[in-house]
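A.B. asks: Spelled out, the chains give:
There are 2 protein chains.
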Amino acid sequence: MTVNATSSTAVSASTPNSPGDTLLANAIRVLSFDAVEAAKSGHPGMPMGMADIGVALWTRHYRHNPANPAWANRDRFIVSNGHGSMLHYSLLHFAGYDLPMEEIRNFRKLHSRTAGHPEVGITPGVETTTGPLGQGIANGVGMALAEWLLASEFNKPGLPIVDHRTYVFLGDGCLMEGVSHEACSLAGTLRLNKLVALYDDNNISIDGKVEGWFTEDIPKRFESYGWNVIGGVDGHSVEAVSAAIEAAKTSDRPTLICCKTVIGKGSPNRAGTAKAHGEALGAEEIKLTREALGWAHAPFEIPAEVYAGFDARARGGAQEADWNALFAQYEAQFPTEAAEFKRRIAKGLPANWSETVAAYLAACEDKKETIATRKASQNAIEAYAKVLPEFLGGSADLTGSNLTNWSTSKPVRVGQPGQHINYGVREFGMSAVMNGIALHGGYLPFGATFLTFSDYSRNAIRMAALMKQRSIFVFTHDSIGLGEDGPTHQSIEHVSSLRLIPGLDVWRPADTTESAVAWAVAVEQVNRPSTLLFSRQNLPFLSKPAGAIEGIRRGGYVLSDAPGAKAVILATGSEVGLALDAQKLLAEQGVPTRVVSIPSTSVFDRQPADYKAAVLGSGLPRVAVEAGVTDFWWKYRVEAVVGIDTFGESAPAGVLFKHFGFTPENVANTVKAAIA
Amino acid sequence: MTVNATSSTAVSASTPNSPGDTLLANAIRVLSFDAVEAAKSGHPGMPMGMADIGVALWTRHYRHNPANPAWANRDRFIVSNGHGSMLHYSLLHFAGYDLPMEEIRNFRKLHSRTAGHPEVGITPGVETTTGPLGQGIANGVGMALAEWLLASEFNKPGLPIVDHRTYVFLGDGCLMEGVSHEACSLAGTLRLNKLVALYDDNNISIDGKVEGWFTEDIPKRFESYGWNVIGGVDGHSVEAVSAAIEAAKTSDRPTLICCKTVIGKGSPNRAGTAKAHGEALGAEEIKLTREALGWAHAPFEIPAEVYAGFDARARGGAQEADWNALFAQYEAQFPTEAAEFKRRIAKGLPANWSETVAAYLAACEDKKETIATRKASQNAIEAYAKVLPEFLGGSADLTGSNLTNWSTSKPVRVGQPGQHINYGVREFGMSAVMNGIALHGGYLPFGATFLTFSDYSRNAIRMAALMKQRSIFVFTHDSIGLGEDGPTHQSIEHVSSLRLIPGLDVWRPADTTESAVAWAVAVEQVNRPSTLLFSRQNLPFLSKPAGAIEGIRRGGYVLSDAPGAKAVILATGSEVGLALDAQKLLAEQGVPTRVVSIPSTSVFDRQPADYKAAVLGSGLPRVAVEAGVTDFWWKYRVEAVVGIDTFGESAPAGVLFKHFGFTPENVANTVKAAIA
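First to last, the sequence lines map onto chains P and X.
For the first sequence, full-length UniProt numbering gives the first residue as 1, with consecutive numbering after it.
For the second sequence, full-length UniProt numbering gives the first residue as 1, with consecutive numbering after it.
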């Protein structure tokens, strides 16, 4: 084994695998290609190439209990190159998880627990959903970060109740993706030394040999990030890989172990080729591969020695039992902290949550402040942080603009825990790291950028929704109201386009109270991500009718009604005040109207039909007003939409609102045309 | 000056600026902070910090002609840290571009030519729109790539009609962004040695000193990409920077010049602080800064020596005249190539374009193939590539799945030009590089990935639309029809969410002919990007009525009508065949219906009202069918949408379509309910 000269750790020389390890690794290979063959779809190359690495980690290092995949102090394991799902499923099956052979046979079939790519919540032992490359390692950075912070917060001398590692498998694809750059750079800066990444360096990606498009010196790149790099490890030597992992444990930096492997290893004709990557080997090549591996067993028949070799139930049960004993000691000495730890891991709300929210909302209604909703957001954070120590805020280098820090939050720095993360200009990395934090448990992550740059992190927002994780994405400067920075920075399509992501709540509050309710509901939705959209500019406080707070919680409500209303104006965020101005103007012209504020269409859409009908009115023409694209609003059977279907312009906000027709006069005229 | 040990080039030692250079640099500083002050908004820090670098590049190296910003062989210059727009505007103004002082005074005002961030098409001399960090350098990679390929294609011995450099200014923000990683890694692999990036290494980003979140060893990182790195340059020494640029010109690699600078240099109280970055200095600090710089002139009054020092009109005019003479020689010796070069630069279509398209569409109608539309796309590429040598295809490591290569395309490799780029697993980088290629001119870039991963590149797609560039984004595997790879890979919201981007055409064709029309229209839209969405699975060839091809060109048309139709079924892509099956079933049940295929809603929406009304029918209930989110379709006043508002599942495509209700029976029942 060659060892990289800089900041790396020496490990033992490569040794050939023992017969026992060979058997275990080959079992992964065979089960993987048999399952892919049965599904007529899938990726045999990675499981066959990383089989020995899997054996090294899972039989010698990985601390977990198959009987309890939710054990709080388990090591985390991520297959960032998620197309290699059969590697993970094989390991889970062999190690004793509740993933019987029937599920392996049903690989990639509807409602099986063995989806095409690993999905958290579907398969026991899967820690995050992977497949979109690069995000798994970023999730791993989030988990390692959460582990460090949680340990700093809860551990007591001699009572390390939080003390585990995060292991990540990744491939060339993950390393090409920009999100791996963002997350790994941050991990290096923060020296997350309990993160161990194992790189499947097989020189192959889907298009063929990577030398044509990917020639980075990976060890050098990761050294530039401040990682501990263990280079040149023989990825087919279980002992060499194991020694590298052992060495990684002593580093004060995150470690990248570069494992030289052969994709599809074992397949006489496909090993080392792109063809091994993503298609079934086929009957003939499977026959040849079985011969080459000396594997005499039929498909889905696994010798008992394999199960014996992988079985982690006894070891894992003992590890968890030890931890339970430790935790019992902790609980005896620190009952308050122990209870709090349990609450945090269970995502429970604090006992005084409802009172805190109610009191704060009452205060908002009382103060009637006209401020930017981004400032209203910060005030809500300030209020709720008093009872939510799990708040872990952050910003992609726009802290002073996004206002996601608060008076008692300390910035997270290397060796110095805190409650607010300066993620740097890394929107995608931030969002994927947040998902990792949420998946780890113990914290409620939120992170921010300008709404337009939600584009950069869009797939991580989608992944939060798919995984049902409580990541809260704060997006400020939510319209042309951003002003002079111009069209590159002004959101036009973003509010609506976020609304199209299934399972995601999108809030665009209109004033201080709506902002505070949005935050409260986002916190309470423990199995759903939320995006909170806030204005750069001041928005007037809205006088509300009785019951309005419940209406905000329902996503939409009648803000201002008029006897004999002839039309309904629907609006969100900064346009609600405009709608009220138009209502007033129309009233002066003898046209009574109703104004409905819809801070969250997704929440509103989940309400009972009769509630929605009562709010929207029936038989009355409707007009929607929002400083964004118009297409979305037709679902509410409107007659017209006052919106923007072009890009913005660079000018002061007030000039722009006028330029784009966001005036009481234009809204009033549109309403009158809709009535006519 | 320290010089990095590896793969770097020695340059002369740092020397203090001459009085003349000091004057020029200070003129940039003063004009920038005065313009920001007048706008009460903007970013003085970067222009003040990079002023000397601007002087070095613009007075000693940058080859351009202010009188003709469209000169084909000009050097390209990009401010990737686009918030420093006033640096660029100052330079353009001083050098003699058509950007009078009146425009500088109107910085950030509506309809000025001095937008908050540089915008191509608005300001003469601006080569790309920047502001969303990291994309400018990626655009620069695309320009350098286009320059190399175009030179390889057109230059003749002694007649280098394409021979220029691409210079990029960038900052810490750009380097934190993942897209810089993706694009710069590719640039290193391809050894784009005419790319020179100048890094504003000032240790500051918006949140403060970057040491808390950004501690990369940048020279080492870029060496890992295979770049020539010139480290430790004094960014306030014009001569040192100039020498580094001179050294860069001799490298066989792209060059990164790391310039140590002080943000806001010149401002006594803000230099070196984050406060200098993004807010006006204020009257008091401006006074102190003027004193510190020894600048006696009033705001917007610039001494003649400054204009004299920067004036590039004579030099640039002579450079272009030399090139014109060279081109005349070229034209005399190679008239065909010269004409073709001019056509390519002007984005003209070849003379036989219409005939080629018509003949190919006739062949599609004749062959009646039932194939996947991704294959139909490849066939169209094959047909059109015969007359479009400007086709420059590519894929983010899914070439065999996206099918964006063709029989005569050669892969682009280091030192080996071609027509198809293996971008690696770098969707965002690919898309931003494509935009750079389009901006450079000479090529029509297209690049591909799975539709779901359009998320990764979303902001580059937006930027193509904002910049009105003909980048063609090919997205295959466009629905649950992708099958077993599961919900991480299945598009649900993407078709509709792309439709929300202003100025972007989205095509989702239903068969071979529609696919070929989509390609043709995308090629013809020279000032607009298009996204072409194709199926993984086979789609049946559709028998069409007379005039259908014109109807496809219009984005939507009556595919199949029935006398006395009682409802209209709208469908796109893979659901058009389903709509026809439902129509048949309904006919058997005595319910005549019309089926409308809408391959492009954006194109359809641009048609005259009477055409749209005729296609959609009036007074008839409408039902839309699309394997994606339903919200979008209500704008067509439908009664119901057969769609999917949850994530997909991992299973074979046929199973999934049934599972999610995409059956003739369900569509027919929905239509009957809509009629009732």
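Heads up, a few of these hints could be off.
Since the list gives no way to pick out one identical chain from another, each pair is judged satisfied if it fits inside one copy or across any two copies.
Calculated lysine to aspartate or glutamate pairs in the DMTMM-like style (CA-CA distance at most 20 Å, straight line) [unchecked claim]:
hint : residue 1 : residue 2
1    : 612       : 639
2    : 635       : 645
3    : 612       : 645
4    : 410       : 211
5    : 375       : 279
6    : 612       : 365
7    : 347       : 337
8    : 367       : 382
9    : 386       : 581
10   : 468       : 645
11   : 635       : 605
12   : 156       : 610
13   : 584       : 320
14   : 220       : 581
15   : 584       : 331
16   : 275       : 355
17   : 672       : 588
18   : 612       : 588
19   : 220       : 322
20   : 544       : 252
These are calculated hints, taken from the structure and not from any lab test.
A.B. asks: If a hint holds in the structure, say so; if it doesn't, say that too.
C.D. replies: Taking the hints in turn, this is what the structure says about them:
no.	hint	verdict
1	612 - 639	both (18 Å within a copy, 18 Å between copies)
2	635 - 645	both (17 Å within a copy, 14 Å between copies)
3	612 - 645	between (27 Å within a copy, 19 Å between copies)
4	410 - 211	between (45 Å within a copy, 16 Å between copies)
5	375 - 279	between (53 Å within a copy, 19 Å between copies)
6	612 - 365	neither (24 Å within a copy, 49 Å between copies)
7	347 - 337	within (15 Å within a copy, 68 Å between copies)
8	367 - 382	within (16 Å within a copy, 67 Å between copies)
9	386 - 581	neither (37 Å within a copy, 60 Å between copies)
10	468 - 645	between (32 Å within a copy, 15 Å between copies)
11	635 - 605	both (11 Å within a copy, 17 Å between copies)
12	156 - 610	neither (54 Å within a copy, 75 Å between copies)
13	584 - 320	neither (65 Å within a copy, 62 Å between copies)
14	220 - 581	neither (60 Å within a copy, 58 Å between copies)
15	584 - 331	neither (61 Å within a copy, 69 Å between copies)
16	275 - 355	neither (60 Å within a copy, 39 Å between copies)
17	672 - 588	within (13 Å within a copy, 46 Å between copies)
18	612 - 588	neither (28 Å within a copy, 38 Å between copies)
19	220 - 322	neither (40 Å within a copy, 44 Å between copies)
20	544 - 252	neither (55 Å within a copy, 68 Å between copies)
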